[in-house]
Amino acid sequence: MNCYDIHNYCDAYLDHEMSNTQRHALQTHLESCSACRQYLQQAEKLRDALSKLKAPTMPPEFSSRAFDKVRQQNHGAKRLTNTGLALAASLALAGIVGVFMHQPDSTLPEPNAIQISLQQARDVNLVFNAKKDLNEVTISIELSDNLALDGFAGKQTVSWNTTLQKGKNVLSLPIIATQSGNGMLTARLRLGNQDKIIRIPVNAQQSGSTQIQINSPHNLVQI
Amino acid sequence: MSITRLWSRSRQIDRFERLLRPFIPYLYQLAWRFTGAQDDAEDLIQDLLSKLYPRLKELEKIENLRAWLAKVLYRQYIDQLRLQSRTPVRLAETGMNSDEETDIPVSINPDQEQAQLIAQIERLLPQLNDDQRLLLILHDVEGYTLKEIEEMTDTPVGTLKSRLNRARKKLRELMEPFSANERVVQVKGSKP
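As given, the protein sequences belong to chains P and U, one line each in that order.
Using my numbering, the first residue of the first sequence is number -18, and each one after it goes up by one.
Using my numbering, the first residue of the second sequence is number 47, and each one after it goes up by one.
Chain P with its partners taken away, still in its complex shape (with noise of 0.2 angstroms):
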């Protein structure tokens, strides 16, 4: 084995992948070339250094920005501070803020029932004006016993904060009735130690009853 075939060798040499013989030859060789021991010495440096590459640490605020951006291009949505429970619901509400430093804890008049089938996700969609742009506005959403939100089974109450911007703003709530009969969807709006509180009935029916469709002026309840 001469120079040239060390050099080919060498990373075989180094992952053990050579045979009984070849590594006799290639060790005969290195005992009397320097130049060949150093080379192979160096190889092995370089593999060590190689493993000890590291990249430059990932700015701190990259993952959120990044996922903003999705949310952005998706939903035109921002990020909503959550609360514990993994829900967030987008809302780009304004106009409470108005509602809310100017009116003390209130409870708005009941609008008329929503009916929806029985086990068939249907939208409510609360509208909410902003005056104002607001924060740390925390929503809570109630429901009776017979009904549910859509992919929260088994939970009759669930809460989140959110930021509000000015203007109107949609909350649409995937409900769904697990039971006949009239229930109770309550939105509960919480800035600072005021309360703003809509209860809206729904009435649950068997399939084939009369709904109201999404998006008609009666299931636009509008806080």
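Just so you know, the hints here were simulated from the structure itself, not pulled from any lab data.
Heads up, some of the hints might be wrong.
[As the list claims (entries may be wrong)] According to the in silico footprint, chain U covers these stretches of chain P (three or more CB under 8 angstroms from chain U):
#: 1; segment: 40 to 47
#: 2; segment: 110 to 124
#: 3; segment: 181 to 187
[Unchecked claim] Here are a few chain U residues that sit away from chain P, every Cβ distance over 12 angstroms (derived from the structure):
#: 4; residue: Leu73
#: 5; residue: Ser96
#: 6; residue: Ile108
#: 7; residue: Asn110
#: 8; residue: Ala113
#: 9; residue: Lys117
#: 10; residue: Gln122
#: 11; residue: Gln126
#: 12; residue: Leu127
#: 13; residue: Gln130
#: 14; residue: Asp176
#: 15; residue: His185
#: 16; residue: Asp186
#: 17; residue: Thr199
#: 18; residue: Arg212
[Said to hold, decoys possible] When the alpha-carbon atoms are kept at most 30 angstroms apart in a straight line, the in silico DSS-like pairs for lysine-lysine are as follows:
#: 19; chain 1: P; residue 1: Lys149; chain 2: P; residue 2: Lys112
#: 20; chain 1: P; residue 1: Lys50; chain 2: U; residue 2: Lys107
#: 21; chain 1: P; residue 1: Lys26; chain 2: U; residue 2: Lys207
#: 22; chain 1: P; residue 1: Lys33; chain 2: U; residue 2: Lys216
#: 23; chain 1: P; residue 1: Lys136; chain 2: P; residue 2: Lys149
#: 24; chain 1: P; residue 1: Lys50; chain 2: U; residue 2: Lys117
#: 25; chain 1: P; residue 1: Lys136; chain 2: U; residue 2: Lys107
#: 26; chain 1: U; residue 1: Lys103; chain 2: U; residue 2: Lys117
#: 27; chain 1: P; residue 1: Lys35; chain 2: U; residue 2: Lys216
#: 28; chain 1: U; residue 1: Lys97; chain 2: U; residue 2: Lys193
#: 29; chain 1: U; residue 1: Lys97; chain 2: P; residue 2: Lys50
#: 30; chain 1: U; residue 1: Lys207; chain 2: P; residue 2: Lys35
#: 31; chain 1: U; residue 1: Lys193; chain 2: P; residue 2: Lys26
#: 32; chain 1: U; residue 1: Lys193; chain 2: P; residue 2: Lys33
#: 33; chain 1: P; residue 1: Lys35; chain 2: U; residue 2: Lys97
#: 34; chain 1: U; residue 1: Lys207; chain 2: P; residue 2: Lys33
#: 35; chain 1: U; residue 1: Lys97; chain 2: U; residue 2: Lys117
#: 36; chain 1: P; residue 1: Lys33; chain 2: U; residue 2: Lys215
#: 37; chain 1: U; residue 1: Lys103; chain 2: P; residue 2: Lys35
#: 38; chain 1: U; residue 1: Lys215; chain 2: P; residue 2: Lys26
#: 39; chain 1: P; residue 1: Lys33; chain 2: U; residue 2: Lys117
#: 40; chain 1: P; residue 1: Lys50; chain 2: U; residue 2: Lys103
In this text the structure is predicted, and so the values were computed from the model without any measurement.
Backbone N, C-alpha and C fix where the C-beta goes; we use that ideal spot for every residue, glycine too.
Dock chain U against chain P, hints included.
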């Protein structure tokens, strides 16, 4: 005012984020290794997330998501390279110049030597062609096995092994001038 299903959609994006967020630091590191620049790495991951979002249900069924994501990231980067028609010599000018040679210390301790070696590798890696560079990164830097890389790149292990050896040999050849310079400086430094 248009009414949208923000509720259900937001649940989807939250599921997407919960699923992928733990892998982002790893993917960032890999993307940085591929691209060699922070902006490019961020763009690569952003594009990846945008493309994967519609495939959330598929992602939720993948067992080894880390390896799968690395594979998709790799392929996306390769596609990007093809689109850009990048050439292996694109960063050849980043090699050490004659002024830097004078900075090589006369004698260095093992830690300094390795730090210097790492710095040299960082400078020289871009001089390998893309296939060699990416293979070295995946195998020698990130520690993927050839079998794993075979699956990632759809390239047979035998081909990868040959390519890896050529990449290492090429890197060693690129390193040789620095070793020679170091020896010369050491000789000069040893003179009274």
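So, going through the hints one by one against the coordinates:
1. With a cut-off of 8 angstroms between beta carbons, the segment 40 to 47 of chain P has 4 residues touching chain U; three or more are needed, and the interface restraint holds.
2. Given as covered by chain U, the segment 110 to 124 of chain P fails the check, having 0 residues with a CB less than 8 angstroms from a CB of that chain where 3 are the minimum.
3. For the segment 181 to 187 of chain P, the stated coverage by chain U is not satisfied: 0 residues place a CB nearer than 8 angstroms to a CB of that chain, which falls below the threshold of 3.
4. With a minimum CB-CB distance of about 9 angstroms to chain P, Leu73(U) fails to clear the 12 angstroms threshold, and the non-interface call is violated.
5. With a least CB separation of 6 angstroms from chain P, Ser96(U) falls inside the 12 angstroms interface cut-off, contrary to its annotation.
6. A cut-off of 12 angstroms between C-beta atoms confirms that Ile108(U) is not in contact with chain P; the least separation is 18 angstroms.
7. Its beta-carbon lying about 21 angstroms from the closest one in chain P, Asn110(U) satisfies the requirement of being farther than 12 angstroms from that chain.
8. A cut-off of 12 angstroms between C-beta atoms confirms that Ala113(U) is not in contact with chain P; the least separation is 18 angstroms.
9. Every CB of chain P lies more than 12 angstroms from the CB of Lys117(U), the least distance being 18 angstroms, so the non-interface label holds.
10. Under the 12 angstroms C-beta cut-off, the non-interface status given to Gln122(U) relative to chain P holds; the minimum distance is some 14 angstroms.
11. At the 12 angstroms boundary, the C-beta of Gln126(U) stays outside the reach of chain P, the nearest C-beta of that chain being 17 angstroms off.
12. The Cβ of Leu127(U) sits about 18 angstroms from the closest Cβ of chain P, beyond the 12 angstroms cut-off, so the non-interface label holds.
13. With a minimum CB-CB distance of about 21 angstroms to chain P, Gln130(U) clears the 12 angstroms threshold, and the non-interface call stands.
14. Under the 12 angstroms C-beta cut-off, the non-interface status given to Asp176(U) relative to chain P holds; the minimum distance is some 17 angstroms.
15. For His185(U), the condition that its CB be more than 12 angstroms from all CB atoms of chain P is violated, with the nearest at approximately 9 angstroms.
16. With a closest Cβ-Cβ approach of about 4 angstroms to chain P, Asp186(U) is found to fall inside the 12 angstroms limit, against its non-interface label.
17. Even its closest Cβ contact with chain P, about 19 angstroms, leaves Thr199(U) beyond 12 angstroms, as expected for a residue assigned away from the interface.
18. Interface exclusion of Arg212(U) from chain P breaks down, the closest Cβ pair being 10 angstroms apart, not more than 12 angstroms.
19. Under the criterion of a C-alpha separation no larger than 30 angstroms, the hint pairing Lys149(P) with Lys112(P) is consistent with the structure, at around 9 angstroms.
20. A C-alpha spacing of about 24 angstroms is found between Lys50(P) and Lys107(U), which places the hinted pair at or below 30 angstroms, so the restraint holds.
21. For the hint linking Lys26(P) to Lys207(U), the alpha-carbon distance of about 20 angstroms falls within 30 angstroms, and the restraint holds.
22. Proximity of Lys33(P) to Lys216(U) is assessed by CA-CA distance (about 19 angstroms); at most 30 angstroms being required, the pair is judged to hold.
23. Annotation: proposed proximity of Lys136(P) to Lys149(P) holds, straight-line Cα distance about 28 angstroms (limit 30 angstroms).
24. The suggested pairing of Lys50(P) with Lys117(U) holds, with an alpha-carbon distance near 23 angstroms, which does not exceed 30 angstroms.
25. The straight-line distance between the Cα atoms of Lys136(P) and Lys107(U) is roughly 25 angstroms, inside the 30 angstroms bound, and the hint therefore holds.
26. Only pairs whose Cα atoms come within 30 angstroms are accepted, and Lys103(U) paired with Lys117(U) is accepted, the gap being roughly 18 angstroms.
27. Simply put, Lys35(P) and Lys216(U) have alpha-carbon atoms about 21 angstroms apart, close enough for the 30 angstroms limit, and the pair holds.
28. This hinted pair checks out: Lys97(U) and Lys193(U) have alpha carbons roughly 26 angstroms apart, not beyond 30 angstroms.
29. A C-alpha spacing of about 12 angstroms is found between Lys97(U) and Lys50(P), which places the hinted pair at or below 30 angstroms, so the restraint holds.
30. Only pairs whose Cα atoms come within 30 angstroms are accepted, and Lys207(U) paired with Lys35(P) is accepted, the gap being roughly 24 angstroms.
31. The straight-line distance between the Cα atoms of Lys193(U) and Lys26(P) is roughly 25 angstroms, inside the 30 angstroms bound, and the hint therefore holds.
32. The straight-line distance between the Cα atoms of Lys193(U) and Lys33(P) is roughly 22 angstroms, inside the 30 angstroms bound, and the hint therefore holds.
33. For the hint linking Lys35(P) to Lys97(U), the alpha-carbon distance of about 27 angstroms falls within 30 angstroms, and the restraint holds.
34. With a C-alpha separation of about 21 angstroms, the suggested pairing of Lys207(U) with Lys33(P) holds against the 30 angstroms cut-off.
35. As the CA atoms of Lys97(U) and Lys117(U) are separated by approximately 14 angstroms, the hinted pair is consistent with the 30 angstroms bound.
36. Using a Cα cut-off of 30 angstroms, the hinted pair Lys33(P) and Lys215(U) holds, with the two alpha carbons roughly 19 angstroms apart.
37. Taking the CA atoms of Lys103(U) and Lys35(P), the gap is near 33 angstroms; set against the 30 angstroms cutoff, the hint is violated.
38. In summary, the hint linking Lys215(U) to Lys26(P) is supported, as the alpha carbons are separated by about 13 angstroms, within the 30 angstroms threshold.
39. Restraint check: the Cα-Cα separation between Lys33(P) and Lys117(U) comes to about 22 angstroms, which is no more than 30 angstroms; the hinted pair holds.
40. Between Lys50(P) and Lys103(U) the CA atoms are separated by roughly 20 angstroms; this keeps the pair inside 30 angstroms, and the hint holds.
Violation of the numbered hints given earlier is confined to hints 2, 3, 4, 5, 15, 16, 18 and 37; the remaining hints are satisfied by the structure.
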